[in-house]
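Novice: So you can see what is in the structure, the chains are spelled out below.
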Amino acid sequence: MAPATRSRWIGALRSPLGVTAATLLLVVLLLAVVAPLVWQSRADAVSPADILQGSSARHPVGTDLLGRDILARVLVATRLSVALALAATAIGVLAGLLLGTAPMLLGRRAGRWIAALINVAVAFPNLLLALFFAVIFGVGAKGAVLAIGFATAPGFARLTQTMVATVAGRDFIAAARIAGIGRIRILVRHVLPNIAEPLVVTATMAAGGSLLSFAGLSFLGLGVQAPSYDWGRLLGEGLAQIYIHPAGALAAGVAVVVAAMAFNLTGEAVARAIGLRSPQAGARPADDAPPVARAGGTYQAGSSLLSVRNLSVTFPAGADEVTPVREVSLELRRGEAVGIVGESGSGKSLAALAIAQLVPAPGRVHAERLEFLGADLRAGSGKAHRRLLGTSLAMVFQDPMTSLNPTQRVGRQLAEVVRQHEGADRTRAWARAVDRLRAVRIPAAERRARQLPHEFSGGMRQRAMIGMGVMASPALIIADEPTTALDVTVQRQVLRLLENIRTAEDVALLFISHDVTVVAQVCERVLVMYAGRIVEDLPAGELMHDARHPYTGALVAAVPGMDTDRELPLAAVPGRPPEPGRLPAGCAFAPRCPLATARCREQDPPLATYGGDRRVACWHADLAPTVAPQQTSAAGQPAAAGTEGSTA
Amino acid sequence: MRELRFEQVSVRFGSRRRGTVAVDGVDLVVPAGTVVGLVGESGSGKSTLARAAVGLAPLTGGRILLDGRPVREMSRAAGRPPLQMVFQDPYSALDPRMSIGDSIAEAIPRQPASTAAQRRAEVGRLLELVGLPADRAGVRPDELSGGQRQRVALARALAGRPEVIVADEITSALDVSIQGAVLNVVRELQRRMRLTMLFISHNLAVVRYVSDVVAVMYLGRIVEYGPAADVLGDPQHPYTRELLAAVPRAGAPLPQPPGESADADPPDPHQPPSGCRFHPRCPVGPQVVPGRDRCRDSEPSGAGHRNLAACHFAAAAGQARP
Ligand SMILES: Nc1ncnc2c1ncn2[C@@H]1O[C@H](COP(=O)(O)OP(=O)(O)O)[C@@H](O)[C@H]1O
Ligand code: SF4
Ligand code: SF4
Ligand SMILES: [Mg+2]
Chain P
1 MAPATRSRWI GALRSPLGVT AATLLLVVLL LAVVAPLVWQ SRADAVSPAD ILQGSSARHP
61 VGTDLLGRDI LARVLVATRL SVALALAATA IGVLAGLLLG TAPMLLGRRA GRWIAALINV
121 AVAFPNLLLA LFFAVIFGVG AKGAVLAIGF ATAPGFARLT QTMVATVAGR DFIAAARIAG
181 IGRIRILVRH VLPNIAEPLV VTATMAAGGS LLSFAGLSFL GLGVQAPSYD WGRLLGEGLA
241 QIYIHPAGAL AAGVAVVVAA MAFNLTGEAV ARAIGLRSPQ AGARPADDAP PVARAGGTYQ
301 AGSSLLSVRN LSVTFPAGAD EVTPVREVSL ELRRGEAVGI VGESGSGKSL AALAIAQLVP
361 APGRVHAERL EFLGADLRAG SGKAHRRLLG TSLAMVFQDP MTSLNPTQRV GRQLAEVVRQ
421 HEGADRTRAW ARAVDRLRAV RIPAAERRAR QLPHEFSGGM RQRAMIGMGV MASPALIIAD
481 EPTTALDVTV QRQVLRLLEN IRTAEDVALL FISHDVTVVA QVCERVLVMY AGRIVEDLPA
541 GELMHDARHP YTGALVAAVP GMDTDRELPL AAVPGRPPEP GRLPAGCAFA PRCPLATARC
601 REQDPPLATY GGDRRVACWH ADLAPTVAPQ QTSAAGQPAA AGTEGSTA
Chain C
1 MRELRFEQVS VRFGSRRRGT VAVDGVDLVV PAGTVVGLVG ESGSGKSTLA RAAVGLAPLT
61 GGRILLDGRP VREMSRAAGR PPLQMVFQDP YSALDPRMSI GDSIAEAIPR QPASTAAQRR
121 AEVGRLLELV GLPADRAGVR PDELSGGQRQ RVALARALAG RPEVIVADEI TSALDVSIQG
181 AVLNVVRELQ RRMRLTMLFI SHNLAVVRYV SDVVAVMYLG RIVEYGPAAD VLGDPQHPYT
241 RELLAAVPRA GAPLPQPPGE SADADPPDPH QPPSGCRFHP RCPVGPQVVP GRDRCRDSEP
301 SGAGHRNLAA CHFAAAAGQA RP
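Here the protein sequences come in this chain order: P and C. Position 191 of the first sequence, counted from 1, bears residue number 191 in my numbering, the numbering being contiguous throughout. Position 145 of the second sequence, counted from 1, bears residue number 145 in my numbering, the numbering being contiguous throughout.
If you are wondering where the hints come from, they were derived from the structure by calculation, not from laboratory data. Note that the structure is predicted; figures quoted are calculated from it, not measured. Only true hints are included.
Quick look at which bits of chain C chain P covers, simulated, 3 or more residues with Cβ under 8 Å:
(1) 52-66
(2) 77-89
(3) 96-110
(4) 184-192
(5) 200-207
Cβ coordinates follow ideal geometry from the N, Cα and C atoms, glycine included.
Take these sequences, add in the hints, and give me the full structure.
Specialist: Structural data, given as structure tokens:
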């Protein structure tokens with residue numbers, strides 16, 4: 001197991017649930033080992049004098065029909081009950097693994113038959129299957145173990161099959177196959193290690209289930225036979241006397257429940273810690289910002305549409321906190337197109353989410369000023385802001401599939417927006433939706449409105465998203481990598497669409513992209529972000545040729561254009577951006593900057609006005625080469641290509 | 001390094017009647033020691049063609065030859081395929097449970113006499129070759145950036161001593177500052193080792209930067225093929241022109257399309273259009289220019305046209321260039 005994995009499992013035990021569950025499980029397992037050694041004779045001691053006594057100092061939960069101490073018997077039965085449950089689980093897991101991996105090993109045709117078989121088997125309730133098998137395998141402990149084992153197998157088979165399919169679809173499996181590695185070896189070396197964790201977790205939880213099933217079978221007399229006894233049998237024996245003294249009857253029941261819970265909760269805690277069923281992370285941003293009608297009133301013409309000063313976003317990180325967005329200040333006028341460029345992780349999207357008040361849960365936003373349409377977004381009630389943002393701000397994301405509800409017709413999703421905020425009636429809302437789809441140039445809008453998102457191509461989905469954004473008339477569209485997943489021809493359509501909306505309706509655009517060329521083409525002004533800060537703010541026309549910040553220059557030079565000299569290596573930015581939690585002292589770019597000096601490593605340069613209409617955060621802004629992008633790397637040296645790696 | 005040749009290659013997914021023909025009768029040559037760039041929109045069949053070459057997609061027709069011998073035969077004879085592939089997603093390309101050194105070592109062909117030390121040395125050499133320090137062999141993928149992973153994937157492909165490398169969108173998941181570094185490695189390797197390579201990308205600027213020859217794919221067919229300078233400098237097929245026009249250019253206004261038709265969505269690969277497959281979108285096709293009914297009725301071939309452009313109205317091969 002990788003060290004990282006081990007620490008995650010240990011991490012699971014740090015949560016209150018984890019500690020409780022693990023302690024409980026430990027106690028159960030310990031009892032299974034120890035109890036028969038300590039209490040066996042006491043549990044078997046027949047004492048005709050003490051038949052069917054209630055609880056007393058000598059027999060805390062009383063005695064049974066033969067005068068044996070019930071508590072001792074319950075404790076001693078731990079071993080058999082747990083062992084049988086584990087054996088059944090082991091059989092289930094093993095059979096499940098064999099069935100689940102068979103499709104991968106046996107090829108497509110046989111695999112399909114096995115998959116069909118599994119599908120039929122999982123359709124039956126577990127206990128029903130167990131009873132069925134119990135009848136087949138015969139009464140007795142061995143039969144019951146097999147029965148419960150085979151009853152749990154289909155569930156495991158299905159799980160294994162799904163996980164194997166997921167892992168098998170990944171490229172490293174394809175690479176292994178190309179390298180001529182056999183199926184079994186691929187399964188053992190690549191597939192199993194990658195599905196082991198969730199399997200172990202599920203098996204742990206299933207052990208709890210087996211325990212219950214076993215108790216059920218024994219209780220019905222199908223499981224363990226006298227003179228052996230497990231909890232199920234004890235429960236059965238005790239039940240006859242339940243009206244005389246309930247404690248004796250319940251002791252075994254309590255033991256079953258506690259032990260089953262111990263297994264279940266431990267599995268649950270580990271699952272949660274390793275992210276198998278993480279609690280739903282925040283609301284989906286797009287759902288929160290359905291734009292509807294323009295908020296009137298407070299906005300004065302001439303003043304800026306969006307005004308942000310010293311915005312930061314902070315997340316707790318253990319005892320500490322990290323600030324992935326720092327000191328972001330920007331102004332947007334009505335109808336203006338401003339771009340934000342930067343590498344992934346530089347804080348572009350988070351800054352945008354902060355402006356839209358959509359930063360997910362533990363994150364906190366601070367700002368000296370955060371005004372949109374004249375309203376201070378920092379003060380006042382969330383509801384009023386949601387309405388203002390909901391009606392005047394539209395957001396478009398990279399992957400429209402995640403922002404559209406896959407189970408609802410596209411037209412209905414658009415219509416919902418106006419129905420909710422304006423109370424428009426169904427017919428009017430629908431008509432508007434179709435109209436907007438037409439406006440974003442969805443062909444056959446009337447028919448398309450009735451389709452589900454997956455029936456749209458990627459480009460159409462993105463246009464539908466934009467259509468949803470302009471169901472009313474927003475004052476600002478924030479588009480976060482809206483064309484990154486699209487082909488150039490489709491990208492052009494989407495960009496043109498945004499451009500048309502912007503000019504026709506005077507809507508401002510905050511356009512986020514990692515592609516400097518696209519930003520330079522679409523926007524009037526460009527903000528360059530690095531390690532959470534804006535490091536340069538310049539007119540788009542100067543981005544490609546007269547960047548003052550060394551990072552901007554490097555970013556521009558790294559991208560080949562249609563006229564890049566093929567004989568020269570592309571400029572590579574050495575190293576990688578710092579993690580938000582581990583910023584170097586001084587300028588965050590210093591470790592990668594060819595111009596860095598001692599001063600850079602000590603003091604962080606402020607974002608200062610430069611040459612009238614631009615801002616730069618660099619001590620040596622005057623030194624930046626007036627673009628010689630091709631030369632910024634050691635030309636001709638093969639090692640230049642490797643610098644990204646060697647310093648990291 | 002040898003020449004890779006696709007002859008009338010077809011790949012169909014699903015049944016004969018209801019399936020999709022992702023690659024339809026493709027003829028394509030990757031000459032020895034050159035990089036052929038394959039461009040086209042997503043869904044045009046680029047990846048399927050690549051996967052067919054390395055045996056990950058079953059052929060339904062045609063042959064794939066390496067210096068005249070079927071690739072499948074060669075891999076059976078040698079016990080390993082003569083082609084290697086590098087994939088798009090650096091995060092799924094490496095087994096997260098294995099050190100990068102082990103991943104690379106796994107791809108080195110097994111020789112009975114080779115010792116552990118020899119294999120280690122070979123891993124180190126391969127890492128250096130792609131610009132990573134040899135002593136990083138012990139790290140796991142999650143300690144590496146996307147660009148570094150992609151270079152490890154390249155090293156793993158080289159480890160198999162392939163005759164040809166197929167690279168499918170290897171830079172499109174990378175950050176721009178890192179993409180440059182990976183492209184440099186590709187270019188450098190090509191120059192030093194005379195690699196034969198099929199380089200797939202939807203980014204024309206990237207393809208232009210690394211390729212000697214460019215092929216353009218549309219809906220399962222190659223529609224234009226020729227030296228990079230010719231195809232990109234003097235495109236003959238209307239679709240190639242569309243692609244070139246759509247490349248974003250800083251400072252330039254967003255180009256307006258010549259007609260509505262160019263905005264039409266890509267057609268359904270289940271039911272490719274009749275005649276020229278590009279005709280519903282073609283800005284100089286039957287939707288726009290009256291009298292070009294031929295485009296709807298008969299399928300154009302590249303033969304005899306400049307850059308082998310599969311368009312009825314492309315210039316003839318011999319004709320003087322403007
Ligand atoms: N495993 C598959 N099953 C069915 N259809 C597929 C499969 N893989 C690809 N396709 C289809 O084949 C066509 C070509 O896809 P692909 O080769 O991935 O194109 P590209 O690489 O150019 O984006 C698409 O229509 C796609 O949906
Ligand atoms: S301040 Fe110094 S280290 Fe930072 S970008 Fe400017 S020159 Fe480079
Ligand atoms: S054959 Fe006709 S439709 Fe096809 S590309 Fe040429 S002009 Fe356009
Ligand atoms: Mg592809």
